[in-house]
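Engineer: Each chain, letter by letter, is given below.
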Amino acid sequence: MNTRGKTFKYYDNVDTDVIIPARYLNTPDAKELALHCMEDIDTEFVKNVKSGDVMVAGWNFGCGSSREHAPLVIKTCGVGCVIAKSFARIFYRNAINIGLPILECEAAADEIAANDEVEVDFDTGIITDITTGKSYRAQPFPSFIQNIIKSGGLLKSLKEGEANG
Amino acid sequence: MGMTMTQKILAAHAGLDKVEAGQLISAKLDIVLGNDITTPVAVNEFKKIGFEKIFDKDRVAIVLDHFVPNKDIKAAEQSKTCREFACAHCVSHFYDVGKMGIEHALLPEQGVVTAGDCIIGADSHTCTYGALGAFSTGVGSTDMAAGMATGTAWFKVPSAIKFNLTGKLPCNCSGKDVILTIIGIIGVDGALYKSMEFVGDGVKNLSMDDRLCICNMAIEAGAKNGIFPVDDITIKYLEGRSEREPVIFAADDDAEYEKTIDVDLAKIVPTVACPHLPENTRPASELHHVKIDQVVIGSCTNGRMEDMEAAYNILKDKKVVDGIRVIIIPGTMQILRECVERGWYTAFIDAGAVVSTPTCGPCLGGYMGILAEGEKCVATTNRNFVGRMGHVKSEVYLASPHTAAASALTGYITEYKEV
Numbered sequence: 001m002n003t004r005g006k007t008f009k010y011y012d013n014v015d016t017d018v019i020i021p022a023r024y025l026n027t028p029d030a031k032e033l034a035l036h037c038m039e040d041i042d043t044e045f046v047k048n049v050k051s052g053d054v055m056v057a058g059w060n061f062g063c064g065s066s067r068e069h070a071p072l073v074i075k076t077c078g079v080g081c082v083i084a085k086s087f088a089r090i091f092y093r094n095a096i097n098i099g100l101p102i103l104e105c106e107a108a109a110d111e112i113a114a115n116d117e118v119e120v121d122f123d124t125g126i127i128t129d130i131t132t133g134k135s136y137r138a139q140p141f142p143s144f145i146q147n148i149i150k151s152g153g154l155l156k157s158l159k160e161g162e163a164n165g
Numbered sequence: 001m002g003m004t005m006t007q008k009i010l011a012a013h014a015g016l017d018k019v020e021a022g023q024l025i026s027a028k029l030d031i032v033l034g035n036d037i038t039t040p041v042a043v044n045e046f047k048k049i050g051f052e053k054i055f056d057k058d059r060v061a062i063v064l065d066h067f068v069p070n071k072d073i074k075a076a077e078q079s080k081t082c083r084e085f086a087c088a089h090c091v092s093h094f095y096d097v098g099k100m101g102i103e104h105a106l107l108p109e110q111g112v113v114t115a116g117d118c119i120i121g122a123d124s125h126t127c128t129y130g131a132l133g134a135f136s137t138g139v140g141s142t143d144m145a146a147g148m149a150t151g152t153a154w155f156k157v158p159s160a161i162k163f164n165l166t167g168k169l170p171c172n173c174s175g176k177d178v179i180l181t182i183i184g185i186i187g188v189d190g191a192l193y194k195s196m197e198f199v200g201d202g203v204k205n206l207s208m209d210d211r212l213c214i215c216n217m218a219i220e221a222g223a224k225n226g227i228f229p230v231d232d233i234t235i236k237y238l239e240g241r242s243e244r245e246p247v248i249f250a251a252d253d254d255a256e257y258e259k260t261i262d263v264d265l266a267k268i269v270p271t272v273a274c275p276h277l278p279e280n281t282r283p284a285s286e287l288h289h290v291k292i293d294q295v296v297i298g299s300c301t302n303g304r305m306e307d308m309e310a311a312y313n314i315l316k317d318k319k320v321v322d323g324i325r326v327i328i329i330p331g332t333m334q335i336l337r338e339c340v341e342r343g344w345y346t347a348f349i350d351a352g353a354v355v356s357t358p359t360c361g362p363c364l365g366g367y368m369g370i371l372a373e374g375e376k377c378v379a380t381t382n383r384n385f386v387g388r389m390g391h392v393k394s395e396v397y398l399a400s401p402h403t404a405a406a407s408a409l410t411g412y413i414t415e416y417k418e419v
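So the protein sequences, as listed, match chains V and Y. Position one of the first sequence corresponds to residue 1 (the working numbering), numbered consecutively onward. Position one of the second sequence corresponds to residue 1 (the working numbering), numbered consecutively onward.
These are calculated hints, taken from the structure and not from any lab test. One or more of the hints may lead you astray.
[Claimed, not checked] So the derived list for chain V, only partly shown, Cβ under 7 Å to chain Y, looks like this:
#1 Lys6
#2 Asp15
#3 Pro21
#4 Arg23
#5 Asn26
#6 Asp40
#7 Glu68
#8 Asn97
[Stated by the list, open to error] Calculated lysine to any residue pairs in the SDA-like style (CA-CA distance at most 25 Å, straight line):
#9 V:Lys156 / Y:Lys291
#10 Y:Lys291 / Y:Tyr367
#11 Y:Lys291 / Y:Tyr257
#12 V:Lys150 / Y:Asp17
#13 V:Lys47 / Y:Lys393
For glycine and all other residues, C-beta sits at the position ideal for the given N, C-alpha and C.
Start from the sequences and build out the full structure, keeping to the hints where you can.
Structural biologist: Below is the structure:
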């Protein structure tokens, strides 16, 4: 499994209020919400993002509210992976639960520039900046979490567990 | 090596004698909580995956609080989804308009959560209940759906930072000033993935409302949970309230902490978090030049009785300065009723404030006090991110009820000084 696309670069402490402002949370509809993804800090994001693109950010990505709408809108916009130095814990959990690939890698987050072409291999955790030719290795997920991702999210893995007795 | 208080609660709920930091466990849940924004997403997931029953009708709490009374048609649809789900599954702790309150003010007040519990809530401020000596943490809607179906959740056992509290707060400070000061020291990710365990001689000098406020904002330091030991104040608070028997856990003497931070409560000063992060703290006394347009006193952080009392003591027989809108939001119907009975509601109106029924409303920029471009608000809420309360060029300054009320009388950020 991998993703390849252009990068959008953000700073430290990107919070869930800027990922999807609460004023739009009167609907659970991901497609409708995705039209407003990042708009308070980057009005161009929704216009320019393409399927497979990669978000790159600093420390504590996704801090703030527990709204699962945040990883959901990023995924719905087509983003194939978020690379950050660290993730806020509820965002981390939510991203895994809904199947948005995320990777922690400090060097990649520092060095990859906006608009670089990047390829991410989720099986190996290798991030390749095709524009610069540099490669990075992200922290692999614990196997427990890899199993949730392989099943296609938490609920599907629970259902599989039920079926297996 | 012994266990922290959080680790002991998690071990007990996982059926294990011992757990250690970093270990992945499956724990039994005492309460699974959701609100009118997060529950609809959980309900969709619950149905989509084909779950038919919730694990226990008495262990699921659904509170409509963010956008109610419904702010618009879409919000009304979300409330309806919650209502229908609660009705179909006979959810005993379903709180609709008239019964509802802001979830984290309501559940402790109603005794739905208690000491020793293991709680998840699809709301980041679920960490509030650590004040009662419970393990309580925020999750997303999918975790809520899974929790409702199975009564369990997976956790990575957290390590902990110990906050050793000593002394007694000055009379113009409250729990809000303590937690803002701490976030100012350790930063918005200073406790990322960790527990914040508050201990020490100073704990006995903090009221339950102070403790609830402090644990409420543990998430603003990135923490998994905040927790206080159970003492006489906790026991007194829980008496006649808890619907289940409280269970008292205490950290082992040889529990391992990543670090210890000493906090002398006597040295706390009225503190304000400036835009656009809760860690941008400054003493209120250095911000007298900041001219404000609005004051909000309420939220899951500061909508409790002592917060209303602080506002009352400062605003009674005074007038809000011209040009300032003051919005006071008691956290629950019981608190609202108490404000009415004590004559505080009238005092607020006479001072020139408006009083709302309980709602999260303005805290998250939902409704009931949205800011225009360039406007500044002193709020007792918990986040001051870009666009949090309205326009992306508006600003939120987080403060205690004392500071917020004192600022309402001057039009500038002002700390309360007893006269």
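Engineer: Would you pick out the hints that fail for this structure and give their numbers low to high?
Structural biologist: The structure breaks hints 1, 9, 11 and 12; every other hint is satisfied.
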